[in-house]
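Student: Below are the chains, spelled out letter by letter.
There are 2 protein chains.
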Amino acid sequence: MMNKRKIVGVLGGMGPDATVDFMAKVISLTSADKDQDHLHMLVDHNPTVPNRQTFILGGDEDPGPAMAAMASRLEVAGADFLVIPCNTAYAFQKSILDVVSIPLISIVDESIEAVGEKAPDAKAVGLLATNGCLQAGVYQSAMAAKDLVAVMPEDDELEQLMTLVNGIKAGHKGSDVSASMRKLAEALVDRGAAAIIAGCTEIPLVLDDSMLEVPLISSTDVLAQATVQFAQSE
Amino acid sequence: MMNKRKIVGVLGGMGPDATVDFMAKVISLTSADKDQDHLHMLVDHNPTVPNRQTFILGGDEDPGPAMAAMASRLEVAGADFLVIPCNTAYAFQKSILDVVSIPLISIVDESIEAVGEKAPDAKAVGLLATNGCLQAGVYQSAMAAKDLVAVMPEDDELEQLMTLVNGIKAGHKGSDVSASMRKLAEALVDRGAAAIIAGCTEIPLVLDDSMLEVPLISSTDVLAQATVQFAQSE
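Going down the list, the protein sequences come from chains A and B.
All residue numbers in the first sequence are consecutive under this note's numbering, ending with 275.
All residue numbers in the second sequence are consecutive under this note's numbering, ending with 275.
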């Protein structure tokens, strides 16, 4: 039996747990009675890509070429489209699009789209994202184009966020981490955010919708949904 | 910074959740402070490989060539060694070894080795494995070579096991499934098993060590440990 669905190419490992979380969500969102009903994913789980944050903030090791090489290998291996379960990585999407001829689904565009679905009346939206992602402006211009005001972490909050995110990458995902992440989200709500974008794929590993009074848009969930939909589209 | 560790090639998707479980275990067993400390895994998550059970039991669609093609592509993409988080797949290991020159770590050999570590005094060991895996004799000869007596499910138990395993592949992993799986393991203990090998990577998704009075050898855990060790070896 031929499988007509598209093969998903995943630039993974940024970070590792976030990639596994993304794959688990793709699997659980796929309607399947047996193995063969599930999607074929080619996953380059490569945590050794140079640190995206460090480069954006002035470091000298550009992760772009590593990501371009991953994308290229995935295309050669048979991927029909690409996804990256990492928001900051989208600062480097030009490096990828320069070397492949298959589409790259944008976690950023899909997350902003999801605001319109989950919180249609929200004008001010909290943006929990890493320092590098915010510095690179990955989200801000796309939000402005949709007339959404981004409510961002202040400097001390951003510092706390980075400590939490780096801790999650080292395996710290306990209830204390969840509580601290929730406080950071609540601070954005206090400053007017009517919804929160978890614009870093480590965040949904410790924070879920039930923990907040406003809708939470998990960039991982949104990317998984878009992946399942696109893989099954004509 | 060069990463000197070996790149892991994973023939995945057999089944999907078991592959994600395996990857999560590799990640949690790796000592890491940051993304870059984690292992590079190339994962061909291909649930569309023809059903292994069906072929072993007389079907006409041989999964061997699909697995050989996956293995070959992983080698070309840069994998230094291969693993398969599926026990039944080892009935087809010759097809794989015929086409690659990199090693394939055997989930079966590693699981039997682990009996010696987790239950050194066990002579009779319960073998919870699928119909195809038992029919192909994937475990039995290797166990006999270690003077281990395999305590196997009876026909009606095997039928129940297959229903549970196929259910897990379709997403059914609730407490009722765990309770039924536990009963199947306990029946082997009642018939003299001093340890249980969960010789199917779907089983550890619903059964853990704490649920049994005898040691449980999870083939997924054992393969993840062997993977982390081999990737970091000279």
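There could be a bad hint or two in this list.
Since the list gives no way to pick one copy over another, a pair counts as held whenever it fits inside one copy or between any two copies.
[Said to hold, decoys possible] Within a straight-line C-alpha distance of at most 30 Å, the following computed DSBU-like cross-link-like pairs (lysine-lysine) qualify:
id : residue 1 : residue 2
1  : Lys159    : Lys214
2  : Lys224    : Lys45
3  : Lys224    : Lys135
4  : Lys75     : Lys187
5  : Lys164    : Lys47
6  : Lys214    : Lys47
7  : Lys75     : Lys47
8  : Lys45     : Lys75
9  : Lys75     : Lys224
10 : Lys187    : Lys45
11 : Lys164    : Lys75
12 : Lys214    : Lys187
Just so you know, the hints here were simulated from the structure itself, not pulled from any lab data.
Student: Work down the list of hints and note, for each, if the structure agrees.
Tutor: Hint check:
1. Lys159 - Lys214: both (26 Å within a copy, 29 Å between copies)
2. Lys224 - Lys45: neither (45 Å within a copy, 40 Å between copies)
3. Lys224 - Lys135: neither (34 Å within a copy, 55 Å between copies)
4. Lys75 - Lys187: neither (41 Å within a copy, 35 Å between copies)
5. Lys164 - Lys47: neither (35 Å within a copy, 49 Å between copies)
6. Lys214 - Lys47: Between. Shortest inter-copy distance 27 Å satisfies the 30 Å Cα cut-off; intra-copy 33 Å does not.
7. Lys75 - Lys47: within (18 Å within a copy, 33 Å between copies)
8. Lys45 - Lys75: within (16 Å within a copy, 38 Å between copies)
9. Lys75 - Lys224: Intra 41 Å, inter 24 Å, cutoff 30 Å: inter-copy only.
10. Lys187 - Lys45: neither (35 Å within a copy, 46 Å between copies)
11. Lys164 - Lys75: neither (43 Å within a copy, 36 Å between copies)
12. Lys214 - Lys187: neither (33 Å within a copy, 41 Å between copies)
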